[in-house]
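Novice: Starting from two chains that each stand alone, build the complex the way the hints lay out.
Chains R and B, in that order, are what the protein sequence lines are.
Each number in the numbering used here corresponds to the 1-based position in the first sequence with 380 added.
Each number in the numbering used here corresponds to the 1-based position in the second sequence with 16 added.
Among the clues, some could well be false.
[Stated by the list, open to error] Below, simulated DSBU-like cross-link-like pairs (lysine-lysine); rule was C-alpha separation at most 30 Å, straight line: (1) K203(B) to K269(B); (2) K547(R) to K438(R); (3) K269(B) to K438(R); (4) K438(R) to K135(B); (5) K560(R) to K547(R); (6) K269(B) to K547(R).
[Stated by the list, open to error] Between beta-carbon pairs, the in silico distance windows are: (7) A442(R) to A172(B): 19 to 29 Å; (8) T268(B) to R447(R): 24 to 34 Å; (9) S389(R) to T129(B): 21 to 31 Å.
In case anyone wonders, no lab produced these hints; they're calculated from the structure.
Cβ coordinates follow ideal geometry from the N, Cα and C atoms, glycine included.
The chain contents come next:
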Amino acid sequence: MEGRPEEDSELFARAQRGETAAYEEIVRRYQQLAFRTAYMITGSAAEAEDAAQDGFVKAFRALDRFRPGAPPRPWILRIVANEARNRVRSTQRRLGLELRLAEGFRPGDAAPSPEAASVAAEDRARLLALVNALGEEDRLVIASRYFLELSGEETAAALGIPEGTVKSRLSRALARLREKYEVAPHA
Amino acid sequence: MPELEQQLTALGSALDWPPTPAIHLPAMRGGRAPLAAPGWGGPVSYVPRWALAAAAAIVIAAAGLLAFPPSREALANWVNVHTIFHQVPHLATPSPHPPGPLGQRLGLGGLTTLPDAEKRISWHIAVPSTLGRPDEVYLQPAPDAPAQGEVTLVYATRPDIPVAGQTGVSVLVTEARGTVDQNFFGKMIGPGTTLEAVTVAGHQGYWISGPLNEFFFTDADGNFRNETVRLAANTLILDYGGTVIRIEGNLTKSQALELAASLI
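Bound-form chain B, shown alone (with noise of 0.2 Å):
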């Protein structure tokens, strides 16, 4: 090792950083009990530090408000303990899309849910840690999907990512068991669309910048697979392990890479 990192790594021991908190775990999945952990004087519910700084934020300035004549009046006014109580219209909020779940439209498979989904396949469904849960999960099974079936996970609105068109969809993550075959990519990729290959966590993949024609791979039985891509945006296709999976969405490439090495 050179002398900089030799220096680096001895640096390394020598730092000063702040006492580790012991972690604890609220009760789960049935009821299980929080984490004993040392240091902390018993089992305790957790409460995230910002919350208890909010609350005792709004008790101030709540007592502050009520201990001052003309903010009580300001407040009674607020919360309308005069009681005179004003109709609100109750107007349907407009929405260009029609009624139902988002991913229905878009011809997936069925609704069902993670843990449903994982049960009727025979592989492990990656999730992106930072999209937090999908808003929608789908199972398409064979022979309408490739072998072994097709999941999609939809995620609706989330932030720094433009909803796709009319589709309410930001993101779409589509999983099946497969391989990818770069042979196909001169088929895929129409003119405006560039192909740039990347790796994620030791992953190969593909960073599809435009929208794709279609998507073509074959599945776990070797079958040649034409499938419609869904959303008219980037695409990153990552072959995973076995499993092919295709992020769609309105995203930069580096969202799409961050994405992508958040999969667990």
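Okay, chain R solo, but in the shape it has when bound (with noise of 0.2 Å):
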């Protein structure tokens, strides 16, 4: 174990075993991608925080039912997303999501890839304006896949939704991202 990060299915077998360090373990490498997607789905910081911790107390909770041998990130972000949209739901609003991008961001700042060596400041900000003024439901789908990474089965999992659904309303949303950007491009 020494030297290499302890896979997430020792951290929970671990925890499902009762030991609190391996939970605290789990929690802290998957709090951003918790919170983030709770703040997605909610639009506020607060609310978004409210619901990472709630879900993770869940989770903690629930952690017998966990499937041995299944994928911890679904899981979690379901529980997650859950609370998410239930503060939505009691809350009776939405604050839109408004995605900014960093100031100053430079490619290769934080995460060097070719992918963001190619992508010009101004047509970095063109193409979220156009993600940001997307349905939300395109929005959510995209900035799932996109912006933070998420597997098929885990937007599946975030959003409530069969993965078969992922994919239609990914391709859909996609469709008329593109449609957009390629009416006016570099406007």
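Specialist: Quick look at the structure:
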């Protein structure tokens, strides 16, 4: 174990045996993803914080129902996203989610990648504005897959829809985005 | 990856997300310590933000009212500080249901708890997290139930889900080891009932709109099972990795699929 991060499955097995430290490590490992997923759904950092907090507490209490060997990310995301959706329902309101570009971001600052380097700053701003202007369903599925880089199964868990629906919804959302993107290039 | 998808992926790394707060676990399971997370000043008890805001609003409103003499009088009247107590006759709440646990009237087996049921069976009980904790849990052991037993989760009233008939139950989730056999659907579905194949988180399912006559499946020992459907309502049947899960209730298809997608 020394020198390499412990596998998720090992951590969950230890947490299921009652080792609090293992669950603490799970929380640390997933808190950013869980919070951002909840933020994407609620559009509010405060609501997202509460949803992530309550979600991790519920997951902790439900640890004995986690199936050994099952992928843990969809399980955690499903619980946190449900909390986030419940908050949106109970408050009967939803803040519009306006994702913004990090100020002064230059490709290569945080996570250097050929993709990041290839996108000019103005192109990014224009694409983000188009994503923000999409309908909620389209924006959520695109944000899940590309901004949070969730898998199909994880996106299904986060959005509370079947995996098949993720594929069809994503395909339609990309088609609508592409249409807008190509209609007014470099506006 | 097509160009647009590449640009979206690149965009993801350039976004300005709000800073991730540290998550704290309150002491649970025999007094576990709260999580000490980086950036927070040691262990704290977590209080939801809305509770703090509500408490603050109440304190401010009460202080304002008490500062104004007519309000003090009005408040005093509300809370009966003049020692005039009104006796309120205690009337029994009328109920269409006979007394006792809801599930016992539906013949679901013995009343138990989720942890106890999990100890007594060999498989994992999937619980729909969107409905919260079940109000009642029943376990019916074999041979009165399919091989390896049958567990039923009973949910009384839930927002946006009408109670089914006079049962007092909104949703029933019934689980047993086995497989769904599509050859039986012809017998199960009567006139006015429709069947649609669905997939939930990779699991094959069947959405049945309208009441079922009966429910048939093959249990873990390969025995044909014929079960009575408890609620005359819509049903979602899932083949959930060797467990047949039946979700009954006056649910819409999207409600049922959302509920199934929340199974943990």
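Novice: Check each numbered hint from earlier against the structure, then list the numbers of those it violates in ascending order.
Specialist: none
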